[in-house]
Each structure stands twice: as C-alpha cells, then as structure tokens.
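Protein chains: 2
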Amino acid sequence: MISKNLIEKIFQQGKKSVSRAITLVESGNEKATLLLKELHKKTGKAYRIGITGPPGAGKSTLTNQLTKFYRSQNKTVGIIAVDPTSPFTGGALLGDRVRMSEIGIDPGVFIRSMATRGSLGGLSKKTIDAADVLDAAGYDYIIFETVGVGQSELDIANTADSTIVVLVPESGDSIQAMKAGLMEIADFFVLNKSDRPGSENAITALRTILMLRDHTEKSWLPNIIKSVASENIGIMEIAEEIDRHKSFLLENNLLREKREEHFRIRIKEIVETLMRNELWQKERMKDLNISLKKVVEGEESPYQIAENLFNDFKQHLKV
Amino acid sequence: MISKNLIEKIFQQGKKSVSRAITLVESGNEKATLLLKELHKKTGKAYRIGITGPPGAGKSTLTNQLTKFYRSQNKTVGIIAVDPTSPFTGGALLGDRVRMSEIGIDPGVFIRSMATRGSLGGLSKKTIDAADVLDAAGYDYIIFETVGVGQSELDIANTADSTIVVLVPESGDSIQAMKAGLMEIADFFVLNKSDRPGSENAITALRTILMLRDHTEKSWLPNIIKSVASENIGIMEIAEEIDRHKSFLLENNLLREKREEHFRIRIKEIVETLMRNELWQKERMKDLNISLKKVVEGEESPYQIAENLFNDFKQHLKV
Numbered sequence: 001m002i003s004k005n006l007i008e009k010i011f012q013q014g015k016k017s018v019s020r021a022i023t024l025v026e027s028g029n030e031k032a033t034l035l036l037k038e039l040h041k042k043t044g045k046a047y048r049i050g051i052t053g054p055p056g057a058g059k060s061t062l063t064n065q066l067t068k069f070y071r072s073q074n075k076t077v078g079i080i081a082v083d084p085t086s087p088f089t090g091g092a093l094l095g096d097r098v099r100m101s102e103i104g105i106d107p108g109v110f111i112r113s114m115a116t117r118g119s120l121g122g123l124s125k126k127t128i129d130a131a132d133v134l135d136a137a138g139y140d141y142i143i144f145e146t147v148g149v150g151q152s153e154l155d156i157a158n159t160a161d162s163t164i165v166v167l168v169p170e171s172g173d174s175i176q177a178m179k180a181g182l183m184e185i186a187d188f189f190v191l192n193k194s195d196r197p198g199s200e201n202a203i204t205a206l207r208t209i210l211m212l213r214d215h216t217e218k219s220w221l222p223n224i225i226k227s228v229a230s231e232n233i234g235i236m237e238i239a240e241e242i243d244r245h246k247s248f249l250l251e252n253n254l255l256r257e258k259r260e261e262h263f264r265i266r267i268k269e270i271v272e273t274l275m276r277n278e279l280w281q282k283e284r285m286k287d288l289n290i291s292l293k294k295v296v297e298g299e300e301s302p303y304q305i306a307e308n309l310f311n312d313f314k315q316h317l318k319v
Numbered sequence: 001m002i003s004k005n006l007i008e009k010i011f012q013q014g015k016k017s018v019s020r021a022i023t024l025v026e027s028g029n030e031k032a033t034l035l036l037k038e039l040h041k042k043t044g045k046a047y048r049i050g051i052t053g054p055p056g057a058g059k060s061t062l063t064n065q066l067t068k069f070y071r072s073q074n075k076t077v078g079i080i081a082v083d084p085t086s087p088f089t090g091g092a093l094l095g096d097r098v099r100m101s102e103i104g105i106d107p108g109v110f111i112r113s114m115a116t117r118g119s120l121g122g123l124s125k126k127t128i129d130a131a132d133v134l135d136a137a138g139y140d141y142i143i144f145e146t147v148g149v150g151q152s153e154l155d156i157a158n159t160a161d162s163t164i165v166v167l168v169p170e171s172g173d174s175i176q177a178m179k180a181g182l183m184e185i186a187d188f189f190v191l192n193k194s195d196r197p198g199s200e201n202a203i204t205a206l207r208t209i210l211m212l213r214d215h216t217e218k219s220w221l222p223n224i225i226k227s228v229a230s231e232n233i234g235i236m237e238i239a240e241e242i243d244r245h246k247s248f249l250l251e252n253n254l255l256r257e258k259r260e261e262h263f264r265i266r267i268k269e270i271v272e273t274l275m276r277n278e279l280w281q282k283e284r285m286k287d288l289n290i291s292l293k294k295v296v297e298g299e300e301s302p303y304q305i306a307e308n309l310f311n312d313f314k315q316h317l318k319v
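Those protein sequence lines, which keep their order, are chains A and B. According to our numbering, numbering within the first sequence proceeds without interruption in unit steps and concludes at 319. According to our numbering, numbering within the second sequence proceeds without interruption in unit steps and concludes at 319.
The shape of chain A in the complex, shown without the other chains:
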C-alpha cells in the first residue's frame, strides 16, 4: 500500500515527497508499480522536453538557462539529468553541484540525476517513471537532459514531446558519422557556442544534412537556433521554438498520436520486463549455466539450448 499522505503531498508538489517517490520508483519494486498506477490519472499535463547532444555541447548550461526563463514566466520545471554511468565520468555530478546552487534552491524547480547503470532499457523505464511523478506533481515542464551517446538519446526521443539536439560549431565533421542518430530524432537543433569560429559553416553543413532527411511528420521542418547559453543568448528563441513545435503538434493532432506511440513503446517494455523476470529465475539460469559446457564443446547449439529453455518456460508458465 502507498500512503495517501505521500500521494497527496506529491499532488501538492512537495519536494521531499516528490524526491521520495522518485527514489521509490528507481527501486523498481512492486510498491513503485502501485504508486505509478495511482499517479497515472494525474499525468498528461506537463510538456516534456528532451535535450541531447554530444559531450561538451553545453546541455546543462542551456537547461539551466531555459529553466530560469520558464521560472520568469511563472512556470515550474522538473529536470531529469540522465548520466550514462561509467567509472570514468564524474562530470555529471560536478555539474550538478554548480546547478543545485544556481537553480536547485528555487521551490519551483526540481532536479534529479539518474544513472544508467549499464542497462539502457532499464534507464529509459525509470526515467519515464520519474517523469510521471513530476507530471503528477504538477510541474509545467519536464526537461530530460542526456548525453547523446548510444541508446539514451533514442530513449529520450521516445519520451519527449519535443526533442532538441544541441551541437557546437566544432561538432562539424563528426556530424556525418557519429551523431547520425541525433539527426533523426531532432525536432529542432540548437547551435550553442555560436559565437565561436566555424559557426556559419556548421549551420550550412547542418542544413545540407537536413535536406537529406525524410519529412514524414506532415510538414514539420527542423529549424536551427543559434545560442550562447553561457551568456543567455538565444534562450528565448529556444523557448519560442518549443512553443511553435508544440502548437504544430496540437494543431495537427500529432501530440496525442506521439504520446500514444510513446505509451506503446513503454507498455511493451514493461511487459517484456515482467516476462524476463519470470523467465530468468534461479532454476532456469542454473539450467542455462549447466548447458554452457556442451555448447562450448560443440555438442549442442545455442539455438537448441534456447529452444529447450523457452519450452521449459512455457510449460511452467501456462495457467
């Protein structure tokens, strides 16, 4: 059971209760599921913004400035900073400390860092769960901020209503290869640190690449906004572009469609997690481990073992 008191306090945007609820949600246990079921009916009002891009593009600074802008408009903001964990990155935590002293004390701002812990699927699930808590708590905007490496930016695009890809002039040549995944998910681009040399070239390159992009989502064309986040330049333009994209989605009845698609992905993931939990219980893992000897020695193929395990699963699952 989830205490009514906790739920009431979440609905009242009590920071401590919101924080406790997210911690509960991160644990991923049954109580978390109960809480999320309770909160769901109050969700759907927050607008979800994803901010991603290569390391060093200034995503945190931009998130902070955008948050301050929204606060000046009397809007509340929940921030979920996704940190693809590694023993080698301490950056996110350091950034957090700076951030906390700047906007973290504002009662209308909630900040939470979440680590990926290697499992990308796991990340996205808990990130979205946390966003639901913030949504139910009544934050007007929820900003997901994540480094655009690997799967995480795709997860964010599958969650956000508007996805912003932040680049810098120096990203130039890497655009073609590495950030290709980022190109496809951007609702619009921000060229941050645009006071640096190479800025115009970067925009030309970006435009060229955008021309190759398929335009399926009716007639939306991703724009490119210049900013110097550290000097608060371009922040209002970014907020305006978010508004413009939101209006576009609403006018074409695409926001609802997009959210349905996001729920589709999310529900599938939840079902598959339930299934995996039931599948990889101790006894079956033991069976798997015993079979490995035969597989390494070429006696049994991985496909045969997999079929055996699956059949065993079905026999034990049947109700």
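By construction, these hints were calculated from the structure, which means they are not laboratory data. Wrong hints could be hidden among the right ones.
To be verified - Straight-line Cα separation of at most 27 Å, DSS-like style, residue types lysine-lysine; simulated pairs:
1. Lys42/B to Lys75/B
2. Lys68/B to Lys9/B
3. Lys268/A to Lys75/B
4. Lys258/B to Lys286/B
5. Lys258/B to Lys294/A
6. Lys286/A to Lys41/B
7. Lys286/B to Lys41/A
8. Lys314/A to Lys268/B
9. Lys37/A to Lys286/B
10. Lys246/A to Lys293/B
11. Lys286/A to Lys258/B
12. Lys314/B to Lys4/A
13. Lys45/B to Lys68/B
14. Lys286/B to Lys314/A
15. Lys294/B to Lys45/A
16. Lys314/A to Lys282/B
17. Lys282/A to Lys45/B
18. Lys282/A to Lys314/B
19. Lys31/A to Lys41/A
20. Lys294/A to Lys9/B
21. Lys45/A to Lys16/A
22. Lys282/B to Lys125/A
23. Lys282/B to Lys42/A
24. Lys293/B to Lys41/A
25. Lys294/B to Lys268/A
26. Lys125/A to Lys15/A
27. Lys286/B to Lys268/A
28. Lys314/B to Lys125/A
29. Lys45/B to Lys293/A
30. Lys125/A to Lys293/B
31. Lys294/B to Lys125/A
32. Lys68/B to Lys294/A
33. Lys31/B to Lys314/A
34. Lys125/B to Lys9/B
35. Lys268/A to Lys125/B
36. Lys293/B to Lys258/A
37. Lys314/B to Lys31/A
38. Lys293/A to Lys258/B
Assemble chain B onto chain A, guided by the hints.
Only chain B this time, still in chain A's reference frame:
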C-alpha cells in the same frame, strides 16, 4: 531443410556458399536457425578479434593491414564490418569499395558489411550468427570491426576473444566522457596515427585512466600499442599483442570461461527473441493499440495494461 551441398561447400570455405549462408542468417528465419544448428559443431576454432573506436580512428585501414599480415602468415581471415546504419552515413560503403579492391579479391579473405538497422540487439545476434558461419568455414581469424558508438562496441566485446580499442592522439579530451564505455572493454589499446602531434600526451592520459580501472581478470593489464596503420607501422606489434592476450587467456583457462560467458549472453538473447515473437503477435498488438486511448486519457495506467497483456499471454500460451 538445408541442403547438404550448401553445408559441405561452407566447410570447404567456398566463398559463394559462405556468402549465401550469411545472407540466409541475416534473414533470421527458421531456415537460418536450422543452418546454424548444423554448423555449430564445426565452430570454436577461429579466434575472434573485435576492433572498435571512434569514427576516423582508422579502424578499417588497421583491419586491412592486420588482414594482410595474417595472410602473409598463411592464415585466412573473415571480416565482419558493422555499420551503425543511418541515412546520413555513406562512409562504410565507400570504405568497402576501396577495401574490396585491396584485399577482397584474395581467396583467403572474406568481407561482409552488416547494418544495424536501428535495433542493436538484432545487430549483435546476426553478427554473431555470421561469425559462426565464418568459423565453421574454417577461417583462422574473424575480425569484427565497428564504430564505438552506443551499444555496438559492448556487443562486440561480448563476442570477441580479444577486443582492441583504436584511438588517435586527438581523441584526448573525449576519452574522459564519451569513450568511457570503450575503456572498460579494451583488452588493449592501439594509438593509431601516432606520428601526429599530441601522441605522447595521449598515451600519458590513457595510462592515467587505465590506472583507475579495476583489474579483475586475474593479472591482465591492457597495453598501449602505437601504430600508423596507413604506413603499415605497428601492425606486427598488434598481431603480437593479440597473440600475447590469447596465450594469457589460454594459460589461465580464461578463453573457455570467456566463451561460456558469451554463449550465456547469446542464448539469453535468443530465448528473449523467441519470447518476443510469441508475445507480440497480431492479436495482442491489436489489444495493446486499443488500450492506448485509455492510457493517454489517464483512465488506465501503462502498468495496468502491461499486466493485463502479460496475463493474456500466459492464458494463451501454446505448449
């Protein structure tokens, strides 16, 4: 049924048959499974090398040179180039054409490019299946070459006996953040283009980072090898380091352990694919899609719908 003729010709390293078999394997259908079951008993002899690193590090050139070196030792080589697909990258295909004219006509070399098509899990599965075909065909070395972005390098490390991470002097500052994932999977590093300025600094930085790394795998310490692949400098040293790592694994009985672990991951993935196929059949997807309306409107929570779908799955299981 798989024709005996095809299997015989694969065992004889017939390039056309190997190629046809990999195409079959890429389709992922039932016939592919049958073929892989047949081939498994002949696998296990090839040594599997993973080569990964950031875009532009010279992985293809290095792979080509290493291949030529092995050929000069009368060893045969199968290459699987993994291309994280995107409409924006044409690089891999272009590189392939150059490569084909250089080593592709050698009867002792087999080259295949495989795209990821968005699904990373899918990639790794088919990549490993293709490697099994090459292994059964008797290639002495199998080289997986992939850009170190996202999940793909982890997939490769979960497949290769030795994983090589290729960096360049300029990778310097990005080492800390983005390539953190690469640090953890490297059995050794190659600093390619080491005739460029900054090379010594890069090695110092790399050594510092390596000191932070946990040394669990008994006493193996990742080395750093300098190369200029385009001028064939350092290639023999790389081959020697691969040998040294292989000997280390064999002497400590770790090769078998590593391969068992790789089979464990692979079998789990196959089982989960079987499960997903059974789970997301048309009728259930229809149920899911119908429920989305209620979820978007806040009437039903995603967790409730997921539980309903899971229960329905259990009820309809055919054993």
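Are the Cα atoms of Lys294/B and Lys268/A separated by 27 Å or less?
The given pair, whose Cα atoms are some 16 Å apart, holds under the 27 Å limit.
Quickly compare the C-alpha distance for Lys125/A and Lys293/B to 27 Å and report which way the hint goes.
20 Å, holds
27 Å Cα cutoff - pair Lys45/B, Lys68/B:
At roughly 20 Å apart (the allowed maximum being 27 Å), Lys68/B and Lys45/B satisfy the hint.
Mind checking the alpha carbons of Lys258/B and Lys286/B for me, to see if they're no more than 27 Å apart?
42 Å, violated
Measure nothing beyond the straight line between the CA atoms of Lys258/B and Lys294/A; if it is 27 Å or shorter, mark the hint as holding.
Holds - the C-alpha atoms of Lys294/A and Lys258/B are around 15 Å apart, at most 27 Å.
Straight-line alpha-carbon gap Lys286/B to Lys268/A, limit 27 Å:
Given that 27 Å is the threshold and the Cα spacing comes to 12 Å, the pair holds.
What's the verdict on Lys68/B and Lys294/A, does the C-alpha distance respect the 27 Å limit or exceed it?
Between Lys68/B and Lys294/A the Cα gap is close to 35 Å, so the pair fails against 27 Å, i.e. violated.
If you draw a straight line from the CA of Lys45/B to the CA of Lys293/A, is it 27 Å or shorter?
This hinted pair holds, its Cα atoms lying about 16 Å apart.
Straight-line Cα separation of Lys293/A and Lys258/B no greater than 27 Å?
12 Å, holds
Between Lys282/B and Lys42/A, does the CA-CA distance stay at or below 27 Å?
31 Å, violated
Need the status of pair Lys314/B, Lys4/A: alpha-carbon distance at most 27 Å?
33 Å, violated
Satisfaction of hint between Lys41/B and Lys286/A, Cα-Cα up to 27 Å
Since the Cα atoms of Lys286/A and Lys41/B sit roughly 23 Å apart, the hinted pair holds (cutoff 27 Å).
Hint compliance for this structure: hints 3, 4, 12, 17, 23, 32 are broken, all remaining hints hold.
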